[in-house]
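**Q** If you read the protein sequences in the order shown, they are chains G and P. Just remember that the numbering used here sits 563 ahead of the position in the first sequence, which is counted from 1. Just remember that the numbering used here sits 563 ahead of the position in the second sequence, which is counted from 1.
Which copy? The list can't say, so a pair holds if one copy fits it or any two copies do.
Computed cross-link-like contacts, BS3-like style, restricted to lysine-lysine with a CA-CA straight-line distance of at most 30 Å:
| hint | residue 1 | residue 2 |
| --- | --- | --- |
| 1 | Lys584 | Lys617 |
| 2 | Lys584 | Lys807 |
| 3 | Lys584 | Lys681 |
Honestly, the hints are just simulated from the structure, not real lab data. Just so it is clear, the structure is predicted and the values come from calculations on it, not from any experiment.
So you can see what is in the structure, the chains are spelled out below.
2 protein chains.
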Amino acid sequence: MDVGHRALTGPGDEAVARCRKLVEPALREAVAVLHPWGAAMAAFTLGWSGIDGKPRHHGAGKGLRPAIALLSAEAAGGTAEPALPAAAAVELVHAFSLVHDDIIDNDEQRRHREALWKAYGVGPALVTGDALLALAVRQLAGHPAAMRHLSAALVELVQGQTADMAFEQRAWAGPDRVSTEEYLEMAAGKTGGLLGAAAAAGVELGGAPQLAPRMWDMGRDLGVAFQIVDDILGIWGDPDVTGKPVHSDLRREKKTLPILAALSSGTTAARELSAVLMSGATDDDTVRYAAGLAEQAGGRDAAQALAERYLSSALHALDECLPDAAELRDLCRSLVDRVN
Amino acid sequence: MDVGHRALTGPGDEAVARCRKLVEPALREAVAVLHPWGAAMAAFTLGWSGIDGKPRHHGAGKGLRPAIALLSAEAAGGTAEPALPAAAAVELVHAFSLVHDDIIDNDEQRRHREALWKAYGVGPALVTGDALLALAVRQLAGHPAAMRHLSAALVELVQGQTADMAFEQRAWAGPDRVSTEEYLEMAAGKTGGLLGAAAAAGVELGGAPQLAPRMWDMGRDLGVAFQIVDDILGIWGDPDVTGKPVHSDLRREKKTLPILAALSSGTTAARELSAVLMSGATDDDTVRYAAGLAEQAGGRDAAQALAERYLSSALHALDECLPDAAELRDLCRSLVDRVN
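Just chain G, with the same shape it has in the complex:
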């Protein structure tokens, strides 16, 4: 769900950095109203300071979601400013979801440092997540059209998270196995909704509300592509780059697309992979072996191809809505290309 910390390469980079600078004052202003302790935890989780409270200059997310909101507004109406509340809101929701995800998944690391719950305790982290969400809602309270997109994304987000958790309890094989369709619905909720809201609220506040429904679809498809790439990097990415422990998704029986695709390939490797996964062993050797089998069974390629297909669909919608949105187009592409 979080790929923002990985180095992006490509022409979208500069635009993202510009948008990050635009939205940061709004984020800092939002967080400043919190209780000092809450503000410190929010600053930690947003990457602005260390656990010692001292400012730091790495560990922040790239700010992809605000960039999508601001670039959508610019392309729709000429200026990014009207979409700043939406940009801040989607970044705050993203931060909220990471804080709660790390508690749920018991993940101790985030962006190369301790997860918030690990640094401050579960209770304080939980409330800080709630606070980030409250601040997000507050950003858009006075903008009902954009608020509708945000609230739809919130509902999608919790649906996707619930489905993702429910998948962990299902078997790898047999009638109870998770289908690709179920995975795609989960990913559209967990990751797509918020990207959809960023794009839709961006054009809504940018002065082109008629484009909002199509931009919502654009963002959702982009989100699915994004999540699939995240799954690929979670298995075959370099932990030094991703900031996450290697193979943690496999260990946790996360039903990720590359594994689901591998299992349904009908190959010998698929049968062996199934047996290995069903054994329940999670030692390093077994998990590394499973990752190899998944690749042999074509899971990695199939996932990459599906990510490309969702990206194409997103770009098609984008070209229809905003044919001159070159920076946004570059940004979308860079999110999928980064695995190459």
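Use these hints to put chain P onto chain G, whose structure you have.
**A** Frame of chain G, contents of chain P only:
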């Protein structure tokens, strides 16, 4: 924070039951969009079903917050219906806050049964809390004026929760002790904000937006009174009635008003209470002894008097805004009178 499950006595009762019937279809409709697992957890936490998924007819909250919203709307404009989205939203936020509070406080019991996290696990409960909040936001997404009240209440709520947690880490005596003023600010946030939003959004949607600021103050004062009474019942209430383990606030070093008031009384009992609390002992005998000392030191009476003062202030505001709101007036009074 939760007193809704205790038997109310008094003339407000019937109105609350009527409002509960009015809002329930909206709540059921909201929850129905969730993932089946999420819907089951929401139904459990709202008291509609047991962990076996079977319907049950006790364990639901009284629905005080929706009653405040609906009775405010009725008194302001003649009908409750326009305020139904606000009524559902405040009840969903209340449910969200209880689910997360029980995780934070490690409370295993809620309304005479297992807390949601105890029944389903921390991760699923956490997401269900988030889902209830998402549904609340969705209720009011199209009502910007009411949404502003709700989002202000959300920010207050997390501020109050953060302050309450921070208090637990502070000493009972000495320069770091929690002052009554700090307590009152915390209670106004943790409990007052949502009651303020219920009242303000109620008149807002009921057709009298000019009353909203004063009704917000009314609800906040009522919330402070409510929280103080909750604190009193948490120490001297009957656990069979409250559904909470006896003295749990004392064991957890919660800085509740009766104890703070007792400690600042300058009595011999206060000095002894201070010594007992500073010892850190939390066995049954010590905690019971501390409760006795707090009563001797006048903490219970002082808390009760302060609750009455906040109730008076709330009723004064209510009489100014809605002089004919007899049912709402009765309801407010019953919330404080229930300790007598």
